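What follows is the residue order along each chain.
2 protein chains.
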Amino acid sequence: MGLIVQKFGGTSVADAERIHRAANRAIAAAEKGNQVVVVVSAMGETTDELIRLAREVCKDCVPPKREMDQLLVTGEQVTIALMAMAIHAQGKEAISFTGGQIGLVTDNAFSKARIQSINKQRIFEQLEGGKIVIIAGFQGITPEGDVTTLGRGGSNATLVAIGAVLEADVCENYTDVDGIYTADPRIVKKARKIDRISYDEMLELSGLGASVLQTRAVEFAKKYNVPIHVRNSQNDNPGTWIVAETPNMEHIVVSGAALKKDLIRVGIKNVPDHPGIAATIFGDIASANIVVDDIIQNVMDDNTANISFTVEHGDLDDIKPVVDRITKALGPGTKAAYVSDLAKVSVVGVGMRTHTGVAQRMFKALADAKVNIQNITTSEIKISCIISREDGPKALQIVHDAFELEKAKT
Amino acid sequence: MGLIVQKFGGTSVADAERIHRAANRAIAAAEKGNQVVVVVSAMGETTDELIRLAREVCKDCVPPKREMDQLLVTGEQVTIALMAMAIHAQGKEAISFTGGQIGLVTDNAFSKARIQSINKQRIFEQLEGGKIVIIAGFQGITPEGDVTTLGRGGSNATLVAIGAVLEADVCENYTDVDGIYTADPRIVKKARKIDRISYDEMLELSGLGASVLQTRAVEFAKKYNVPIHVRNSQNDNPGTWIVAETPNMEHIVVSGAALKKDLIRVGIKNVPDHPGIAATIFGDIASANIVVDDIIQNVMDDNTANISFTVEHGDLDDIKPVVDRITKALGPGTKAAYVSDLAKVSVVGVGMRTHTGVAQRMFKALADAKVNIQNITTSEIKISCIISREDGPKALQIVHDAFELEKAKT
Numbered sequence: 504m505g506l507i508v509q510k511f512g513g514t515s516v517a518d519a520e521r522i523h524r525a526a527n528r529a530i531a532a533a534e535k536g537n538q539v540v541v542v543v544s545a546m547g548e549t550t551d552e553l554i555r556l557a558r559e560v561c562k563d564c565v566p567p568k569r570e571m572d573q574l575l576v577t578g579e580q581v582t583i584a585l586m587a588m589a590i591h592a593q594g595k596e597a598i599s600f601t602g603g604q605i606g607l608v609t610d611n612a613f614s615k616a617r618i619q620s621i622n623k624q625r626i627f628e629q630l631e632g633g634k635i636v637i638i639a640g641f642q643g644i645t646p647e648g649d650v651t652t653l654g655r656g657g658s659n660a661t662l663v664a665i666g667a668v669l670e671a672d673v674c675e676n677y678t679d680v681d682g683i684y685t686a687d688p689r690i691v692k693k694a695r696k697i698d699r700i701s702y703d704e705m706l707e708l709s710g711l712g713a714s715v716l717q718t719r720a721v722e723f724a725k726k727y728n729v730p731i732h733v734r735n736s737q738n739d740n741p742g743t744w745i746v747a748e749t750p751n752m753e754h755i756v757v758s759g760a761a762l763k764k765d766l767i768r769v770g771i772k773n774v775p776d777h778p779g780i781a782a783t784i785f786g787d788i789a790s791a792n793i794v795v796d797d798i799i800q801n802v803m804d805d806n807t808a809n810i811s812f813t814v815e816h817g818d819l820d821d822i823k824p825v826v827d828r829i830t831k832a833l834g835p836g837t838k839a840a841y842v843s844d845l846a847k848v849s850v851v852g853v854g855m856r857t858h859t860g861v862a863q864r865m866f867k868a869l870a871d872a873k874v875n876i877q878n879i880t881t882s883e884i885k886i887s888c889i890i891s892r893e894d895g896p897k898a899l900q901i902v903h904d905a906f907e908l909e910k911a912k913t
Numbered sequence: 504m505g506l507i508v509q510k511f512g513g514t515s516v517a518d519a520e521r522i523h524r525a526a527n528r529a530i531a532a533a534e535k536g537n538q539v540v541v542v543v544s545a546m547g548e549t550t551d552e553l554i555r556l557a558r559e560v561c562k563d564c565v566p567p568k569r570e571m572d573q574l575l576v577t578g579e580q581v582t583i584a585l586m587a588m589a590i591h592a593q594g595k596e597a598i599s600f601t602g603g604q605i606g607l608v609t610d611n612a613f614s615k616a617r618i619q620s621i622n623k624q625r626i627f628e629q630l631e632g633g634k635i636v637i638i639a640g641f642q643g644i645t646p647e648g649d650v651t652t653l654g655r656g657g658s659n660a661t662l663v664a665i666g667a668v669l670e671a672d673v674c675e676n677y678t679d680v681d682g683i684y685t686a687d688p689r690i691v692k693k694a695r696k697i698d699r700i701s702y703d704e705m706l707e708l709s710g711l712g713a714s715v716l717q718t719r720a721v722e723f724a725k726k727y728n729v730p731i732h733v734r735n736s737q738n739d740n741p742g743t744w745i746v747a748e749t750p751n752m753e754h755i756v757v758s759g760a761a762l763k764k765d766l767i768r769v770g771i772k773n774v775p776d777h778p779g780i781a782a783t784i785f786g787d788i789a790s791a792n793i794v795v796d797d798i799i800q801n802v803m804d805d806n807t808a809n810i811s812f813t814v815e816h817g818d819l820d821d822i823k824p825v826v827d828r829i830t831k832a833l834g835p836g837t838k839a840a841y842v843s844d845l846a847k848v849s850v851v852g853v854g855m856r857t858h859t860g861v862a863q864r865m866f867k868a869l870a871d872a873k874v875n876i877q878n879i880t881t882s883e884i885k886i887s888c889i890i891s892r893e894d895g896p897k898a899l900q901i902v903h904d905a906f907e908l909e910k911a912k913t
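Going line by line, the protein sequences match chains A and B.
Under our numbering, the very last position in the first sequence is 913; numbers go up by exactly one each time.
Under our numbering, the very last position in the second sequence is 913; numbers go up by exactly one each time.
Bear in mind the hints are in silico, worked out from the structure with no lab data behind them.
Values in this document were obtained by computation on a predicted structure and should not be read as measured data.
Careful: at least some of the hints might be erroneous.
Repeated chains share a single entry, so a pair holds when one copy, or any two copies, can fit it.
Lysine-lysine pairs mimicking BS3-like chemistry, simulated, CA-CA at most 27 Å apart [said to hold, decoys possible]:
1. K912 x K696
2. K615 x K568
3. K725 x K912
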């Protein structure tokens, strides 16, 4: 008996039958005596369909982001209503809420808004009245009443935020895979499902391209210590638990490997080496809402620096005008260059903190396979190598083999 | 220069091209120096599609009305966003609002809510900022924040309510017909478009089956003296103006004729003739949300009465259990009988108040054509005859000819 927040992604609510299957999971949890909150995404391809409509109307223009959000939130709103009906059809009581209706307040960064607060009062009232509460994922409302969307993976952010404010016992994240794998199983055939992983490891893996759960959701879960159980909505297999770190997790040197498939490196040459320059540059880039991957800075002999960083290929059109403005402002000697067709392969594990030789083992494995490493970046619990895009899948396989990730360790 | 509220129905916003055409009308009005508010319905068949989805999920159950409204309002929300984008694509500024976002507060009668108030502040702010304001028709919000729909013709109710609170110069109602006709042009080939018609006449015609504009919207327009201009969204023809009565409207004895095609007469025999009995009966029927057409009561010699009334054929399943309960309660002598396959042909005109002989002319024309009249009901400005359903179209034609409605009178 406890409070469970379940989340069903788009493929898990793609049609009436799947909605009923998800409803049955919620009902089953309620019948065990739990209070149940369900967060849902838009059905199947609905969001893509809405984007297609917007493009058809806005052929040679960029749709205003506020209106795009006004459009996109309807996808989840359809699902919450249908989910409530599906539960009703089974003779149980349910009530649906949009983000706005539960006071899920965000800033007004349309298309990638951040959650500021949730009014849990209305949710608890309904739970205490014996109802299953259905909440639209991915959406919020500004203090002025404009609707916003939370960006990529927004429904997971909703799941964890709701779990946190309600102090849920578990957030169950239902997807179309069995859990988190040691590597993308579409690339690495021997990839193994991980039973338990720490927030920090999951954070690194998410940031590195593991798409099941986004960084933001995991950060939030860590901050509020909400356990997440990633499960497959189509079966009853136990999934992967994402939890706080325990001492015996350190026995495992590398927990997983990940690949970012398509990156661009932006290099800015001859940056005057003044204090605060980097802060100015990356401040401008952040203002443009571009997420920067790894940053490398080398100071040259002539009191200038070379700064390079990687971004997702898809952000290229957004970043170019920003970088042009920056280089112009820094003076005539400063130049920008772009290298595309890059990838990044990484290994992650809290055990790295106490084990040595991990980096060497990775570099050697890649070298033996003639994969050229262009840049290396490390954190306390991960090692990343920038390589050419075409080497990506092969490199992931090599690294997975090198650390024998297919074998479960305890 | 003034304030114009335009409304585009579902067929006028059915696809990207039509949305652009509607957007261009709004822009054209704005470029003439007007402040422009646009009310839109859901695109084409969207509402039907959403209802189909709900039925698929709720196969053997009635979907909770709150959830049905939560579902249906998404239809209009999609249109407002796309309409704002279409205006943006033409280089003009627009902003979209749901019913909730402009504080269009209703009671909580889900699926047929009544408008209680509108917060005009937010609309005026945007208009004064030079934006075209797009508002979702058909929907509102309860004081508790639940979304509601306004029932059949709800978008027209929104149009007129917005026009009233903003004190608009005109409400332009764009449809797929050129205006209000002297009779349904699909039945009467010579039917003529009416240039101007009074609120009262339009009210009678709407109640009698003219489907372009619903009674509720006209009542509201009359109350707040908002002129409505019913126009065709596919051409620039002047349409029909619905306005306050002027003295010279009385020259026109009959303005239009209408046909209700499929009615059922419910007869209750041997009702004890006590004061208040009719109020009890029709109170019970109203509680069941059934709209009663004409009521006829005859008191018999034996201190009992026969009460009969007509309802739409589609309401038969709803009315039977209610009437059964009533007759049972009134005692064993009271019996109900149902006569189906009826129709009602009517003529309407404010000139009837000052002209005599209208009823006789109508009865004679029908008698000459051997159309049997079963019941007659009249108001100050209309005469209705209940006839058999198969005589309906013919009767409408006869009445139209008898009053020479095809000829414009001034």
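Quick rundown of the hints versus the structure:
1. K912 x K696: Only inside one copy: K912 and K696 sit 12 Å apart there, 83 Å across copies, limit 27 Å.
2. K615 x K568: Within. Shortest intra-copy distance 10 Å satisfies the 27 Å Cα cut-off; inter-copy 33 Å does not.
3. K725 x K912: Answer is within: at 23 Å inside a copy they meet the 27 Å cutoff, but 79 Å across does not.
Of the numbered hints stated above, none is contradicted by the structure.
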